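Work out the full structure: start from the sequences and follow the hints.
The residues making up each chain are set out below.
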Amino acid sequence: MTKHIKIINPHILDYSAISKLFLCLLLLCTGCDNSPWNNPYPNQDSAKNIYYDSFSERPKHLDPVSSYSSNEYVFLGQIYEPPLQYHFLKRPYELIPLTAIELPKPELFDKKGQLLEEDANLGTIDRVKYKISIKPDILYQPHPAFAKNASGKYLYHDLNTQKLSNIHALSDFDTVGTRKLLAKDYVYQIKRMAHPRVHSPISGLMAKYILGLNDFAEELSKIEKDNPGTSFIDLNDYELPGARVIDDTTFEITLSQKYPQFLYWLSMSFFAPMPWEADYFYSQAGMTEKNITLDWYPVGTGPFMLSENNPNLRMVLERNPNFRGEAFPSEGESGDQASGLLDDASKKMPFIDKAIYSLEKESIPAWNKFLQGYYDTSGIVSDSFDQAVQFNLQGNAELTDEMQEKGIRLLTAVTTSTSYMGFNMADEVIGGDSERARLLRRAISITVDYEEYISIFANGRGKPAQGPIPPGIFGNVQGEAGINPYVYQWQGDRPVRHSIEHAKELLAQAGYPEGRDNTNGKQLVLNLDSPAAGPGSKASFDWMRKQFAKLGINLVIRATDYNRFQEKMRKGTAQIFQWGWNADYPDPENFFFLLYGPNAKINHNGENAANYKNAEFDELFNQMKSMSNGPERQAVIDKMVEVVRKDAPWLWGFHPVGFSLHHQWYKNAKPNLMANNTLKYKRIEPRLRTESRSLWNQPIWWPIALLIFLALILLLPAIISYRRKETESIL
Amino acid sequence: MISYILRRIAYAFPILVGVNIITFILFFVVNTPDDMARMQLGMKRVSETAITKWKEERGYDKPILWNSSSESLEKITDTIFFQNSVKLFVFDFGRSDSGRDIGHDISQRMWPSLAITVPSLLLGLLAYISFGLTLAFFRGSYVDVSGVILCVVMMSISGLFYIIGGQYLIGKFLHLVPISGYDTGFNAIKFTILPILVGLIGGIGASTRWYRTIFLEEMGKDYVRTAKAKGLSEARVLYQHVLMNGLIPILTGVVVVLPSLFMGSLIVESFFAIPGLGSYTIDAISRQDFAIVRSMVFLGSVLYIIGLILTDISYTLVDPRVRLN
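In the order they appear, the protein sequences are chains L and C.
Mapping to numbering that gives the first Met the number 0: the first sequence position 513 is 512, numbers consecutive.
Mapping to numbering that gives the first Met the number 0: the second sequence position 240 is 239, numbers consecutive.
Keep in mind that the hints were calculated from the coordinates and are not lab data.
What you are looking at is a predicted structure, and each value in this text was computed from that prediction instead of being measured.
The reader is advised that the hints may include incorrect statements.
[To be verified] Lysine-lysine pairs mimicking DSS-like chemistry, simulated, CA-CA at most 27 Å apart:
| no. | chain 1 | residue 1 | chain 2 | residue 2 |
| --- | --- | --- | --- | --- |
| 1 | L | Lys570 | C | Lys52 |
| 2 | L | Lys104 | L | Lys179 |
| 3 | C | Lys54 | L | Lys567 |
| 4 | C | Lys54 | L | Lys224 |
| 5 | C | Lys43 | L | Lys570 |
| 6 | L | Lys567 | C | Lys52 |
As structure tokens, this is what we get:
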């Protein structure tokens, strides 16, 4: 009898012991208080003024002159301060000074150095100068590169491998220092664009405009070749004609031609200041081997500094103790007052002390943690869309009851980007300037029903495009006047796509009646190249085939990986392709240049993937890009839009609409698709967040107890049976 | 035995060279150095000059396996393959294409992987052996039949289902542990519970069935019949004799995976946001960082070979009849 118990009990004790161990571990982890057990953050942080968010892709570069990715701007935008920024509330987007005292005005000069009028003829302009004065008394974040001893000598500017033996991270340096922001730091950064080792993605573009940048790059390359092994080139020792220091707080940038869009670039981190001390500090022997580089540890003057850079786990921004403070905007667009966006007007920013961004590679855990209150904001992935959003009878998006009960709020905004389908204009069938090809493209433009595409594949999150310019960008025309007459007609109060019959007529005029080539009677076969090669793309490909099949055209999908896709685009071997563009700045030039002939992929390796070339359009582009916004520029833009609508080098596709959610404790939320430095405007109510988290995350134990109970009940008959078998006698 | 081990180590070299060649060929068939440069430099406005400079700096401007323009031995040595492979054999992994020290990253990221894989292995062994023994103990009864059916069902379910289901049930619905994330030190414990539990449950089906088979096979042997004939109880036979003898194939099966524990799990680490070596490898593949990919493949191969050698050695330790010659 006793023996049986000994056999059976270990299993029972196992379960019990495991349960107790599990409980103890959980109690240990949660600190034995009332905090939720599933809280991924330390309990002592619950009441702190911390903003929580996630990121899915680790940043590749944090050097402001190399970084050119939105997932990097999330961090860089808070750390570095270029001279200008976008107004947080006003629309259309408006540039305002950040470290600059005022918006710089261009001064135009002719070849003789004579000052010209603002509207001077383009042919007479030889130089354009921007004089930028920065605010005094701006300080850099604490950083060892600035640390000095009592005699004023830099503490960490003579490092070597031996001295670095106990240094493994930037935080291992005992002493930090700071200094004032100087105009020469901006000039230093502009010079860094030409540095052969930095690989600034805009160096090629800026070399077209900043005077002497190309020659400067060649000079630096030569210096590097002549001095192999040199890790540091003091750029202050070399003159760049296009960037010059005037005094401690003023510098001047000289462009070789008129380029009004240059001001937008001055709001991007490429033009953030870089102190030579930091460049020198990171270039010392042994630093790269220790992974201590400028690409990993930024040095800025902004409201936040990167206190933890662990992109495999989390990125932490903390308030820069040396930040001068900046006032929250006191004016915005109509409706901002009513929606509480001006409640913090003129208050000193930033409002939060710390921002923690946790790595979430998969969208499902990130979404669930947002619902539990562990992230303050979230996007909406397709899998979760129905749970979060529903469309009312008027077709407007609104939150589901579940979201509303949690006090979650929805923000939507048409993005300053475009998702299009391009025709390779170098292709013999679909491309070219012939009327036959033009009519074929226009017939396809009518047939591919992007309204349906948006509804099926984007959960309604898109606005069909009428041309290359998205809403919110100067040049976009709304309403009846803004529709593409080659694809749409205005009916009632909305644009309606022309009928399929009309498209078939165009196709017949093009010489493809019922989708058959009238020269040989064969069915027209077109190829669509797409980088979306995953199984999730099959449905959209099937849909696309059906669209072309309406005209009797056989569409062949050539799905490939992104590398091969890019190669095809560079070589011009694709016929039809899907691609997109996200605006660098809110100016029509940033979209029209995608169709500018000299920017073609073939031969020029530019961004004009359709290889579109139209002399009239190119001439208008050159005229438009140097004009100021106004009726004259609008007229030129209208002409350009008409040219490309008629030629139809793209199916204009759609402009995605961004949906974002935020909790009720997250204040001052307004979509700003241009600004990267919006963290300073955000405000959190930690008390409300703590209460909500506690309410939403009470641990539930009964299913576990029930499971154990059921397991025991199921085992019991077997145990009884075994006991009976063991004790029964043979005779 | 020492000569055997040395011989096995010597055999490892051609295997590692072969693995390296295959890795190189496969990687460069999919990704050209130009693609890698574009990925690192960014997709917008990248100039050909920048691409050329990037390749020159990292030695990707050389031919991959054979440099026909060079003289004599340099035809082999002045190639991407040779320049990148030789140092691997002294475990100098070099720098990633983004400039980070790979050796340092590996030393940092192996701990989160181990924090998941080691407890998963130990607790898994405990649970699977217990379940296997239980089924064997109740063999032929409804417990055994229903247990086997349950095991087959659990084997048939995708691992991804356990991960998402575990996150939903334990993290989201029951609110017992964080859904994902990681931390350092003791704070890591609460983040490891769910992935360990999910890994453990996901492995129940296959492992329990395997262990049950091992134990049942042992139970059919002569010494078991002898023990029963001597009057030992069923439980004593099972736990004292069958378990000990059944551990031989289990032990050798475990030893082979021990070194691989460092490499972590690709999917689990990705879903639970564990900053281990599994996610390091996945990241490198998606970022086309060849330096990391080749290092991780090399490391994986070395660890696998070590695992096989350890298995051979463990055979001699647990079964005196086996000799390494």
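Numbers of unmet hints, in rising order: none
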